[in-house]
Amino acid sequence: MIGGLVGQQMEEPVAPLALVLGQPYQDAPTDLYIPPDALEVFLDAFEGPLDLLLYLIRRQNLDIFNIPIAQITHQYIAYIEMMDSLRLELAAEYLVMAALLAEIKSGMLLPRPQDSEEEEEDPRAFLIRKLQEYEAIKKVAGQIDLLPRQERDTFNVMVDVSALSVARPLPEVQIKDILLAFQDVLKRVEQLTHHQITKEPLSVRERMAAILEKLDGSDSLAFAALFTRSEGKNGVVVSFLAVLELSKEGIIDILQLEPYAELSVRVRTAS
Amino acid sequence: MQTKHIVEAILFAADRPMSVRQIQQVFPELEQPALHEIQAAIDAISTDYLHRPVGLKLLASGYRFQVREGLAYWVSRLFAEKPGRYSRALLETIAIIAYRQPVTRGEIEDIRGVAVSSGIIQTLLEREWVRVIGHKDVPGRPALYSTTRQFLDYFNLSSLSELPAMEELVNIDFSHTHQPPLQQEKSERPQTDQSEADTLKAAESKTE
Amino acid sequence: MQTKHIVEAILFAADRPMSVRQIQQVFPELEQPALHEIQAAIDAISTDYLHRPVGLKLLASGYRFQVREGLAYWVSRLFAEKPGRYSRALLETIAIIAYRQPVTRGEIEDIRGVAVSSGIIQTLLEREWVRVIGHKDVPGRPALYSTTRQFLDYFNLSSLSELPAMEELVNIDFSHTHQPPLQQEKSERPQTDQSEADTLKAAESKTE
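Residue numbers (the numbering used here), protein chains in the order written: chain A, 278 to 548; chain B, 31 to 238; chain C, 31 to 238.
A couple of the hints might just be wrong.
As the list claims (entries may be wrong) - For the chain A half of the interface with chain B, some residues (derived, Cβ under 7 angstroms), not all of them:
hint, residue
1, V443
2, L479
3, S480
Stated by the list, open to error - In silico contact screen, one side only, chain B against chain C (beta carbon under 7 angstroms); selected entries:
hint, residue
4, V56
5, L101
6, V105
7, R107
8, R118
Simulated from the structure, these hints should not be mistaken for laboratory data.
Here the structure is a predicted model, which means the values were calculated and not measured.
Don't be surprised by glycine CBs; every beta carbon is placed ideally from N, CA and C.
Whole structure, please, built from the sequences with the hints as guidance.
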């Protein structure tokens, strides 16, 4: 199913590509009638350089064991260059593969030193093994996708036991489990540089929830009503930060109906 | 395919009582059997299960397969055997709600980088550890979740600020401490070494 | 009460697959039927449901009542959420873990030729389809992943051997041919240990 799907996806972008590849192309194909993002879709259709290479080989009904290295290298590199000229972001792995292909091609042109003691592996064998292994995995992955699976092909039987009044013990949780889980989340987030969690003190987050709760059910509240004298200076600061944060996140609006009038706060609703 | 066959499958797969009308709605529009036909199927199924340990029961909101009453003794032993445990995903979700409240499901998913199933939110709501305190004014008006008093009570916290601050949390090494890293050690629940060891193992195996 | 009757109730009430041994444990100590007796009950129940839309299925972690295949067209309409579709990247990753386990992330990347996103590993760990069973003794001590029973359960398999067979990899020896064009040289030799070791070496050098 997967194979068929990908095949379909590739139909459209492939036709013009083959056209370009059919004749040596010179410049960035400005008159290309498929927009660059279609090529991006094309690129997305591949799971990596091995996948692309397999596709190029299979498209011509070639045998993995008998790849015309020069021809395939040309096609692959032309493809990479086109991607590059369209300034599409290309994963480094694609370039590594281009380098490997070029190396194999050049290696085949040179005579091998007869006296090389070290049994260096033929780079073709290396590539063929990788292609074979990847193709085998790709095939079984497709077959796994077809296996009857829960929630799609089979469903668990849900029989009610509530009438038996049997108590189901709730899972026990230690606070440490939660902290550990959050520590993991933070570590993961740190690895993704683009995602920055701002670190407001917890008291502020808690107060934000409390203020929303207070606002729930009332149209609006006087700004002053959100502060409790008995909490002292720290409490006021926490409340103030919470109000600012809620406003920043677009959850509440702070309103002043006329100059010098008292500020009021209300939950933002669809205008 | 026979109507009766399909109705039986629907009743077994449903996680809620199903009225005759609701069963009809499950069929695609052009294939819906008449209500009396569905009722006839239900009656026939009821008869089929008369002598089995599960049977169709008519509740206020519809029909549902139930385990028969005389079997409570064994079924309760089934549940006692394994009290269950919460998934990693659930723990992360409750942690994010505690630290980032008020927060929407979408925001939780953003932080986790993985989808949050409705089952998790449902479990947390049912356990009354989180609740909806409002809706965010963005398309879809997603619910804003926060933790509850019950959540604090369960963990013997008087306020969220007793949890370690985020900056500290990153640097706490749980593998060397056997005490929860709270300012005050308040927990009265026994902490077995076994469960701690498991937690740590899980934590270790996850961190690379 | 008849053993078969109780076993059937337990299987219906359980929210997880139950092994013969687990079913036995549900009985009070002094009343536990022998394992073969429970197995006989299971077989009899299986037969009883042969022509019903639900039936007993043997999964990796035990027996479970399921709505039979073929009814998904109707039953899936009960649920608002569409069943998850899995990306090729995820399927290829789980396939590599299943067929090459235990395997490190670096080795997975080596086979696929591209980086594996943390989201995929995270999703697989979370679904409990894979777990970390140790760390490879190479620099960085990368985690070794293997698949779980839950993975097999989800795909309705009772053991890894039921997974589709993978094509055997053929080794090619170029060392004696200096002619660039390779003629049909398919050897039927299965992958030798040596080449496996090479793959691993290549993988190792890639990680970190």
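Going through the hints against the structure:
1. V443: Hint on V443 (chain A): holds, closest Cβ of chain B at ~4 angstroms, below 7 angstroms.
2. L479: Cβ of L479 (chain A) sits 5 angstroms from chain B, so the hint holds.
3. S480: holds (4 angstroms)
4. V56: holds (5 angstroms)
5. L101: It holds, given that the least Cβ distance between L101 (chain B) and chain C is near 4 angstroms, below 7 angstroms.
6. V105: holds (5 angstroms)
7. R107: holds (5 angstroms)
8. R118: holds (6 angstroms)
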